[in-house]
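Following the hints, position chain B against chain A.
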Amino acid sequence: MTTIRIGAGAGYSGDRIEPAVELAEKGGLDYLVFECLAERTIALAHLRRLRAAHAGYDPLLERRMRAVLPAARRGGVRIITNMGAANPLAAMNATVAVARELGLHGLKVAAVTGDDVKHVVSTQDLPLDDGERTSADIEDRIISANAYLGAGPIVTALERGADVVITGRVGDPAMFLAPMIHAFGWQEDDWTCLGRGTMIGHLLECAGQLTGGYFAVPGLTEVPGLARLGFPYADVSADGSAVLSKVAGSGGLLTVDTCKEQLLYEVFDPSAYLQADVTADFSTARFDQIGKDTVAVSGGGGRERPARLKVSVGYHDGFIGEGQISYAGPYCEKRGRLALDIVRERLQLTGLSPSELDLSLIGIDAASRTGRGGEPAEVRARVAGRTVTRDHAAAIGAEVEALYTNGPAGGGGSDSRVREVVAVASTFVDRHIIQPSVVMEVC
Amino acid sequence: MRLHRLAHVRTGDKGDTSQISVIAFDPKDFDRLERRVTVDRLLAHLPNLPVRSVVRHALPGLGALNFVLEGALRGGVTRSLSLDPHGKTLGAQLLDLDLSEKEDLSQ
Chain A
1 MTTIRIGAGA GYSGDRIEPA VELAEKGGLD YLVFECLAER TIALAHLRRL RAAHAGYDPL
61 LERRMRAVLP AARRGGVRII TNMGAANPLA AMNATVAVAR ELGLHGLKVA AVTGDDVKHV
121 VSTQDLPLDD GERTSADIED RIISANAYLG AGPIVTALER GADVVITGRV GDPAMFLAPM
181 IHAFGWQEDD WTCLGRGTMI GHLLECAGQL TGGYFAVPGL TEVPGLARLG FPYADVSADG
241 SAVLSKVAGS GGLLTVDTCK EQLLYEVFDP SAYLQADVTA DFSTARFDQI GKDTVAVSGG
301 GGRERPARLK VSVGYHDGFI GEGQISYAGP YCEKRGRLAL DIVRERLQLT GLSPSELDLS
361 LIGIDAASRT GRGGEPAEVR ARVAGRTVTR DHAAAIGAEV EALYTNGPAG GGGSDSRVRE
421 VVAVASTFVD RHIIQPSVVM EVC
Chain B
1 MRLHRLAHVR TGDKGDTSQI SVIAFDPKDF DRLERRVTVD RLLAHLPNLP VRSVVRHALP
61 GLGALNFVLE GALRGGVTRS LSLDPHGKTL GAQLLDLDLS EKEDLSQ
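Quick mapping for you: the protein sequence lines, in order, are chains A and B.
Here the working numbering is used: the first sequence runs in plain steps of one and ends on residue 443.
Here the working numbering is used: the second sequence runs in plain steps of one and ends on residue 107.
Excised from the complex, chain A in its bound form (with noise of 0.2 Å):
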């Protein structure tokens, strides 16, 4: 029986470089896919676009073509990626001529387009998620919006020969998806398969989550090699079950209990995950350690996608503006505490007042919510504060600072910073109102 296998080469924009070029060199992959749109990406992608029309792609794209290409190329492995961001075409252009710079002559390289409804959203009032506003009431701050495109798109640029493939915003799973589609003919409405296909496109798309990455609990929950951990990959058959694994040697472990963490991770009913392709079922999933750093995924499922396709908004939403100062020593909670009651007073006595404001002591309970008795060692007070303008902002990092001289005693390693907010709420469109496009450049 055929298998194709399926690597994980990045889980986000700023994930290691490295071991994506461990599974490009050593992993026999058939596809490599790089996932790195979170939430807002996006939108602080098009911020850069509006500032020079080139940009909008993700910062680290050139350098991890650069990195994976040529062994890539030498495996015939075929690369996917949403690292096209807020314009997909410019990093077409970017990976050629990195690709031209290599002597990768002949390379194949692809861009999807069509996510981007930021026209749709602006003169239609769609209601957002919250439930309590529509896109007009932000009409004026909004900044992006793109679709979660489907496999489609991608599926088209594999059969046309693409060796890369750059899409903008789509579904995670569905970058993974797409080569299962390509390779075995699932059908758009075989809802079983393109659900387990799902199923494996999210346990694979934050890659060393699955791998003992956001796992370890030294004495609990014990994972070796965090340092040079190993990104999976999945053999995946045609009944859309598969086998995980990763590169031997690698740091890290695979176990059913790595897998089950990642299955759910950033799900809400696991029976009705909502995706472009598919309303996947992963509440049927079955894991079985059959080797070590090796899971058999069997079960889950599928039936018929949504009508509608979920769009990110991104928008203006003023700016946050933080400071802190750390205590240590004894008295150290008291002097913290001190230390936000003041700049909390500050903030009245001269009109600043930002709309919302969160004081805390890090180390106490800037994190935590359960607090534990006992005197610590040191705090670090934390003021944060929700403003209209920079300058605002900018005004409660100086009362911070201004606890050197004017605060508790003993305060130090004063820090600040100001950032605009740049928020993302969701919407629905219709699926029939996109227009998905395909273009291909040859090195």
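Everything labelled a hint here was simulated from the structure, so no lab data went into it.
Be a bit skeptical, because a hint or two may be false.
[Unchecked claim] Capping the alpha-carbon separation at 30 Å, the derived lysine-lysine pairs in DSSO-like fashion look like this:
id, chain 1, residue 1, chain 2, residue 2
1, B, Lys14, B, Lys88
2, A, Lys292, A, Lys26
3, A, Lys310, A, Lys118
4, A, Lys292, B, Lys28
5, A, Lys334, B, Lys88
6, B, Lys28, B, Lys102
7, B, Lys88, A, Lys310
8, A, Lys118, B, Lys14
9, A, Lys26, A, Lys108
10, B, Lys14, A, Lys310
11, A, Lys292, B, Lys88
12, B, Lys28, B, Lys88
[Claimed, not checked] So the derived list for chain B, only partly shown, Cβ under 10 Å to chain A, looks like this:
id, residue
13, His4
14, Arg10
15, Gly12
16, Leu62
17, Arg79
Every residue, glycine too, gets a C-beta built ideally from N, C-alpha and C.
Chain B alone, transformed into the frame defined by chain A:
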């Protein structure tokens, strides 16, 4: 008997919603987890989460519980003022949840 003896935990997020899975190391322990790791006890262990709704999905075949906490992330990763706007540090705070049952006292 603390949760970490029987289960491991992972946290995810999407929009304003936090997702926490609790997975038995040994599927034989799932029944106990299902009895003791309820929505009420989770919320009591992580006080003051601004949740609008909490749903618990049970997956006995996988020995897993999946909690979906809508609204827990105060606007979500793109808007939250929190030090940890994804809420990724939340689930691990369940590791010392008390799973003791009356039978344990006689041991």
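Outcome of the hint check:
no.: 1; hint: B:Lys14 / B:Lys88; in the structure: 11 Å, holds
no.: 2; hint: A:Lys292 / A:Lys26; in the structure: 17 Å, holds
no.: 3; hint: A:Lys310 / A:Lys118; in the structure: 13 Å, holds
no.: 4; hint: A:Lys292 / B:Lys28; in the structure: 23 Å, holds
no.: 5; hint: A:Lys334 / B:Lys88; in the structure: 28 Å, holds
no.: 6; hint: B:Lys28 / B:Lys102; in the structure: 19 Å, holds
no.: 7; hint: B:Lys88 / A:Lys310; in the structure: 24 Å, holds
no.: 8; hint: A:Lys118 / B:Lys14; in the structure: 21 Å, holds
no.: 9; hint: A:Lys26 / A:Lys108; in the structure: 23 Å, holds
no.: 10; hint: B:Lys14 / A:Lys310; in the structure: 13 Å, holds
no.: 11; hint: A:Lys292 / B:Lys88; in the structure: 29 Å, holds
no.: 12; hint: B:Lys28 / B:Lys88; in the structure: 28 Å, holds
no.: 13; hint: His4; in the structure: 5 Å, holds
no.: 14; hint: Arg10; in the structure: 4 Å, holds
no.: 15; hint: Gly12; in the structure: 4 Å, holds
no.: 16; hint: Leu62; in the structure: 6 Å, holds
no.: 17; hint: Arg79; in the structure: 5 Å, holds
The earlier numbered hints are all upheld by this structure, with none contradicted.
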